[in-house]
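S.K.: As you go down the protein sequences, you meet chains A, B, C and D in turn.
With the first letter of the first sequence counted as 1, position 134 gets the number 134 in this note's numbering; the numbers rise by one all the way through.
With the first letter of the second sequence counted as 1, position 171 gets the number 171 in this note's numbering; the numbers rise by one all the way through.
With the first letter of the third sequence counted as 1, position 119 gets the number 119 in this note's numbering; the numbers rise by one all the way through.
With the first letter of the fourth sequence counted as 1, position 200 gets the number 200 in this note's numbering; the numbers rise by one all the way through.
For the record, the hints were derived by calculation from the structure and aren't laboratory data.
Hints should not be assumed to be uniformly reliable.
Where chains are identical, the list cannot tell them apart; a pair therefore holds if satisfied intra-copy or between any two copies.
Claimed, not checked - Here are the simulated lysine to any residue pairs, SDA-like style, with alpha carbons at most 25 Å apart: (1) K240 with I114; (2) K240 with V95; (3) K240 with W97; (4) K240 with T140; (5) K240 with R30.
Protein chains: 4
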Amino acid sequence: MSVNAHLVGQSENAKDIPIKSEIWKTLNWRAVLAEVIATMLLISLGCMTCIPIDGFASHPMYGPLGFGLIVTFNIQAFGHISGAHMNPVITWAAVIWGQISWILGIAYIIAQCIGSIIGYGILVALSPEGFISSGVCTTTPLLRYSIYQAIGIEVVLTAALVFITCALWDPVNKDLQESSSIKCGLTVAGLSLAGGPLTGAGMNPARSLGPALWTFTWRSHWIYWVGPFLGATVAAFLYKCIWLKVDKIKPDIPTWPDGSEGLAKIL
Amino acid sequence: MSVNAHLVGQSENAKDIPIKSEIWKTLNWRAVLAEVIATMLLISLGCMTCIPIDGFASHPMYGPLGFGLIVTFNIQAFGHISGAHMNPVITWAAVIWGQISWILGIAYIIAQCIGSIIGYGILVALSPEGFISSGVCTTTPLLRYSIYQAIGIEVVLTAALVFITCALWDPVNKDLQESSSIKCGLTVAGLSLAGGPLTGAGMNPARSLGPALWTFTWRSHWIYWVGPFLGATVAAFLYKCIWLKVDKIKPDIPTWPDGSEGLAKIL
Amino acid sequence: MSVNAHLVGQSENAKDIPIKSEIWKTLNWRAVLAEVIATMLLISLGCMTCIPIDGFASHPMYGPLGFGLIVTFNIQAFGHISGAHMNPVITWAAVIWGQISWILGIAYIIAQCIGSIIGYGILVALSPEGFISSGVCTTTPLLRYSIYQAIGIEVVLTAALVFITCALWDPVNKDLQESSSIKCGLTVAGLSLAGGPLTGAGMNPARSLGPALWTFTWRSHWIYWVGPFLGATVAAFLYKCIWLKVDKIKPDIPTWPDGSEGLAKIL
Amino acid sequence: MSVNAHLVGQSENAKDIPIKSEIWKTLNWRAVLAEVIATMLLISLGCMTCIPIDGFASHPMYGPLGFGLIVTFNIQAFGHISGAHMNPVITWAAVIWGQISWILGIAYIIAQCIGSIIGYGILVALSPEGFISSGVCTTTPLLRYSIYQAIGIEVVLTAALVFITCALWDPVNKDLQESSSIKCGLTVAGLSLAGGPLTGAGMNPARSLGPALWTFTWRSHWIYWVGPFLGATVAAFLYKCIWLKVDKIKPDIPTWPDGSEGLAKIL
């Protein structure tokens, strides 16, 4: 979930400012660090909404709404810095679209996985003993669903997530970005209401990785890599080939208001 | 639910760009395809929020909020391409208002019905055996409501939906469209909270068609065509005659930022 | 709940367009009719969220969230026409602020009361027998609360509602109105979560009038006139005297985009 | 929670208007008074959502959603006047960032504590006997969490809250402020869904102070000062040092539309 909301919003000034390519290297680590922290907060706070209290599972609205609103928070807080992908498949779609370079894409994905592992680790440290064995927030399909059905559900959910991300990246919408964080957050909440009870509504391999690693819950874990990458690839290509009409996507390069330098040249 | 949000938002540039009428035909199928996919996702994801888990009906907030947020997602993802009607009666209101041509209107309505049938079909394929017989997400009125009362409820709900759509189409609001997707989604959520427990809050014949076809639940199905069309007709004419004051509605023709061609000339 | 959102958003053009005072009379009835319909939909749809199903009270989130989202809908649909007050005390605050004339204020309040009575009447017509005796959606304080406490709660809730309305009327915010409908709707939802279980969170004499009249529930009804008017008066004067700094409020006069005539001259 | 949303939105005009420093003193008390009233309403209305009804605890969604939406209301109503901090640690972050002066910061924090105490006092006055002994809305960690874990949770929650506040203060976002109140409110709702069941999701020493003082619940009260201040300090410095690139933050000085004087010179 992502959208270079604020980046895009700055495009008017961008044209008349020369980009020094050295700056890119300097600024790069700031964006990668933002991905680590954003994903870390997504997992530690999102999964916190799923903790059972006094033996009772958390209220069925807590998980979906909690994850959605934490996504809103993260995109608002870090979207203008790194795009706040927090999700390898969003980064993958950004690479397909040429929004970010391959090298930055790989750095982002590693950062997201590290962030997820740290995030769940923080939750383990902040919880009473026995937390790990309870397997809170791990993603596993309901038993009565076949593997193919679980993958299919993840494909549909992730395709939807990538469709809206692409729509927000589409230059046609570049001046309509003010509430992108809310739109993405509500979308994640909606998709989690749909798929959450069935497969956990992963839609994000990094999100599944952290809890799986700490709790050693590897059953069906591969589903949460295959499904999302499949859905994201289909959606990103479909949108790009059918609805995106500019010959080459020229991502907007944001700069500071005083025009002194680029914030994050992500090409 | 719809609103040509992003289309309208582009009107400043639209005036100085000549529209080649051949383009309209080329672009047309892209908008129709977007309607198929948007309605497909609306039904497969919206109805997914209503699936009972382990024999228990889904939480009473899941359906209304889920449908509302999926509508937000769809309008954000496809609104700038086709208007994201996803609903024959919204398309009908658009025809009444002269937003789209009769021919495109009919194409949209067929696309929506196909999308709904595919959407529910996907859900059937992704669910364990016995899903069809459980009749998830079909719209039928509560037994203690008479047919006239059920139609009346659908009329009021759909009229409300069409009022807000017309307000977003009204040229007076053309610069206030940034969060149209959120506004429409929250409206659908609100109307579903109101009518959902009574009639299922159809408000959309295509939405009712898919589940009815797969589950052979035709009892009272006609209510969900008559009620919404009646409500939409009343609301669209009422708004147009009383509150819309321009002599002829001139829909804005959106173009790509580089001005190369029109995205979707929908007149 | 209200805010002349869209009206205010049009102020740039307003200055250079002469207002013909005859138009005011012509247009006036359109705004008053909008108040009737908006209040009618508020009551019929809002109260519909509170109907018990199969003998069980509606889910505790349905009422507050439903009313809030219906308010969002109404302000979006009718805000640019009449301000979508739907509430005598908002109209009263508008009169205090000089937003609308006394004469139009009285017309609005009568329209709101009529709309509320019609709205609940529609609900009665669309419900099975025995609906009236169940007293759905009437506002009465919990028995363990004294009359003074109930009035006090209504005063605080309504003061909050009027504070945000005044903030949206404040010229300092005139360019920040795009999502006014969402802001007002979420505020009403929040205030209803707070006061709903205690007093029903009236905050609106017209909203209380319709259900009271149809169900003959006049016990404590006066509380829902005295409390809201008291709260609104305090808040409107407090904001106007302390935080509003322009000498005289000059309400923006909206016009159609083509500049042909004023939409609703409400002074 | 805060953001000088509307203040920032006015920056275009600000440059060409000389600020008279005497005005600052005159206007100062208006901002401080706004903090008192905003915090008062936050506590009285937010805590009202947590009142048990007929012996049953309030619905688990009421508290988090209620507090979030009341925050939305308060920022919309008072954000353009004082920033609507309502929270000593947000004020502390504003001081770190140079958004407001030390002296005004101290005044704000005192105002917030007074507002909280008055706010809970209003709730006591408006409730039946026995309200104080029920300890509604006091913040205490779950017993099975150690003190270090409770502090850690408050640190993470408050750091998140301050990250988004800093992002909204970041000049790079100064033109994307229209829905700041919604973004902050939804963030507070999300963080409360996460931390609410564990520690009460204080994130705000003033919010904890009022209920603690009236109910004499001082157990663990210090946690709700140490945790939030720690989290806020870390987040404010981290954002300022890593992601904020302008040499010196130059807060925008808002003025009235007529340019007559500054609304609140808060430097």
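S.K.: All the hints need checking, so say for each whether the structure fits it.
M.R.: Here is how each hint holds up against the structure:
Taking the closest pair of Cα atoms, K240 and I114 come within 25 Å of each other only across two copies (23 Å); inside a single copy the shortest separation is 30 Å, beyond that limit. Only within a single protomer do K240 and V95 lie at most 25 Å apart by alpha-carbon distance; the minimum there is 12 Å, versus 29 Å between protomers. Taking the shortest alpha-carbon separations for K240 and W97, only the intra-copy value of 7 Å comes in at or below 25 Å, while the best inter-copy value is 31 Å. Within a single copy, K240 and T140 get their C-alpha atoms no closer than 32 Å, and across copies no closer than 40 Å, so neither meets the 25 Å cut-off.
Taking the closest pair of Cα atoms, K240 and R30 come within 25 Å of each other only across two copies (12 Å); inside a single copy the shortest separation is 29 Å, beyond that limit.
In this structure, the one hint that does not hold is number 4.
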